[in-house]
Amino acid sequence: MPKTLPVFVEAEIRQMEEAIRELKAGKMDPEDFRKFRLNNGIYGIRNQTDKQMIRIKVPFGQLTPDQLESMADVTETFAPSKAGHFTTRQNLQIHMIPLEDTPKVMRRVAESGLTPREGCGNTVRNITANPYSGVEPGEVFDVAPYADAAFLFFLRNPLSANMPRKFKMAFESSPRDTALTPIHDMAFVADIRGGVRGFRTYVGGGLGATPQVAIRLEDFTPADVLLPTIEAVIRLFDRFGERQDKLHARIKFLVKKWGAEEFRKRFLTERKAVLATRAGSIDWTYPVTEESAPPVPSIAGVAAAPGFDRWKATNVAAQKQAGYSWATVVLPLGDITAVQMRQLADLSRRFNGGRLRTTIEQNFLLRWVRNEHLPALHAELVKIGLSEAGAGRFSDITRCPGADTCQIAVTKSRELAKALAALFQNGLAGEADLEGLHVKISGCTNSCGQHHIGTLGFYGTYRKVNERSVPHYMMLMGGSTKEGEAKFGQVVGAIPARLVPGAVKKLVATYKAERQGAELFAGWLDRAGKARVKELVQEFTTLPPYDQDPTLYFDWGDTKDFVAEIGVGECAA
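Using our numbering, read the sequence shown as starting at -18 and increasing by one per residue.
Please keep in mind that the hints were generated in silico from the structure rather than gathered at the bench.
There could be a bad hint or two in this list.
Below, simulated BS3-like cross-link-like pairs (lysine-lysine); rule was C-alpha separation at most 25 angstroms, straight line [stated by the list, open to error]:
#1 Lys85 x Lys32
#2 Lys(-16) x Lys8
#3 Lys149 x Lys63
#4 Lys149 x Lys(-16)
#5 Lys301 x Lys445
#6 Lys(-16) x Lys85
#7 Lys32 x Lys63
For each label pair, taking beta carbons as the anchor points, the in silico distance ranges come out as [stated by the list, open to error]:
#8 Ala294 x Asp528: 46 to 52 angstroms
#9 Pro525 x Asp13: 46 to 52 angstroms
#10 Glu546 x Val472: 46 to 52 angstroms
#11 Gly119 x Gln471: 40 to 46 angstroms
#12 Arg157 x Ser279: 30 to 36 angstroms
#13 Gly175 x Ala284: 49 to 55 angstroms
#14 Asp528 x Val283: 38 to 44 angstroms
All values derive from a computational prediction rather than experimental measurement.
Idealized CB from N, CA, C, for every residue including glycine.
Sequences are here, hints too, so could you generate the full structure?
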């Protein structure tokens, strides 16, 4: 039975229906429609005039089983693939939705309690957070309530609806910095001083073609001025950010233009004005109690299924609450079918009281699993095809959608990720769980796949070889992050797309032969140095004549000659 929606949500859906009618009748300017649908989380798809991608925001990654089942229904009903894709911003993307169906999807999503609103466009995007917050040993405090408050305050906020460029925020509860705070427009790291909760606040980070590390804006921001602090920064960005040159419009360019001290000075002045006018001071109540264990029925013990020990070693970790663990459910390439969504929702109800999180590694996290139930959980995951081990290891590859759907991608990053994943069944089967080796792939320079911070990073480009356009990947080495710092990968060189797996395989083999003691891959890379790595992959940088093997000139997933087709990103247009 359809749910009654808030009046303003109902109005948004009806406005979308009317806008589509006016567009098709020639009564609405296509550019005006583009901006309108982007603000509603609806994005165009490469080489498609009537198919859309809908990006559904999952604030700080928290998703209920009921919501996951609703998303399964939406995916099964409207997406030809009957599958969804989880992103590095903890969102769900559903592709190839007919434009006429987008209002129906908006309605179904709203009825579940989620929203695509401002999932695209020059808005405050989904706010991410450490998915382990609340259960991680060594954390300062649970940041989820604060991330949720910021999400709700800036959703549909007129101040953040038409900024110079998109604005991404993250919250971190732990010294591990799993939220990748240095690469965000604004980020908050939990801290307590004098018994008062607050945050170390950062601003001006980002990746893309010109990566930049966020600066420390404030050593300690008390939690009760969190929202005014964000509002002050957004006001400055809205007023002084670049609006003509969209390639230089992120807040990191404003921070660089003014410099850290000038930005802090202007920020403090602006925050005083925000506080004086009571803007941003809506009465949010932040829960400060510890998260408690959900009621879960006892589950009969089962014999461990094949692969349990490996899965437990890589995908399971103890919570700070005795007797409980979290378990990572690896989604290969970030993809999951509608059937699997329903099955996972059911498992979550049975095993952890529905405590689900999506992660920025494009996986799912099941929190609050009783330790004695882990073998049974793994056995059930085996049945639904979601028992892959290697969470956070070599085989857990991050990738963007690439040229299969993205308008500005050069190469099919998803297909390269599949080709690399195939290595773990053919030649690298014993290396899938290597620690300290994170592969991140983007289809272009924009770094949606976070290639700048991968131990091995790749971004799509193309080169002329024997008078033919050939898809290539620029390889980077040695990227990483920690709070307040980011080491962006060094560019090694361009490798034809079809030869990338061979290059990776050789680097891993060389690492195995040369590592010293327990040295991780990242440590070996640092010791070997860029010149040595470049020498090792040199044989993979050239191609034989086309007639000798035409397939080497193709992109992964293609059976025809490559054609460089690069559109304009809608949010940057």
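With the threshold set at 25 angstroms, check whether the alpha-carbon distance from Lys149 to Lys(-16) stays at or below it. violated (31 angstroms)
Ala294 and Asp528, beta-carbon distance inside 46 to 52 angstroms? Since Ala294 and Asp528 have Cβ atoms about 48 angstroms apart, the given range 46 to 52 angstroms holds.
Against the 25 angstroms threshold, does the CA-CA distance of Lys149 and Lys63 hold or violate the hint? Violated, because 29 angstroms separates the two Cα atoms, which is more than 25 angstroms.
Lying within 46 to 52 angstroms: is that true of the beta-carbon distance Pro525 to Asp13? holds (51 angstroms)
Holds or violated: are the alpha carbons of Lys(-16) and Lys8 at most 25 angstroms from each other? Roughly 32 angstroms between the alpha carbons, so the hint for Lys(-16) and Lys8 is violated.
Hint check: Lys85 vs Lys32, CA-CA at most 25 angstroms. Holds or violated? holds (14 angstroms)
Below or equal to 25 angstroms on CA atoms is what counts here, so check Lys32 against Lys63. holds (15 angstroms)
Outcome of range test on Cβ distance (Asp528, Val283; 38 to 44 angstroms): violated (57 angstroms)
Between Arg157 and Ser279, is the Cβ distance one that fits in 30 to 36 angstroms? holds (32 angstroms)
Range hint 46 to 52 angstroms (beta carbons of Glu546 and Val472) holds or violated: violated (24 angstroms)
Is the distance from the Cβ of Gly175 to the Cβ of Ala284 consistent with 49 to 55 angstroms? holds (53 angstroms)
Regarding the pair Lys(-16) and Lys85, is the alpha-carbon distance no greater than 25 angstroms? Holds: Lys(-16) and Lys85 sit about 13 angstroms apart, inside 25 angstroms.
Figure legend: structure checked against the earlier numbered hints; hints not met, in rising order: 2, 3, 4, 5, 10, 11, 14.
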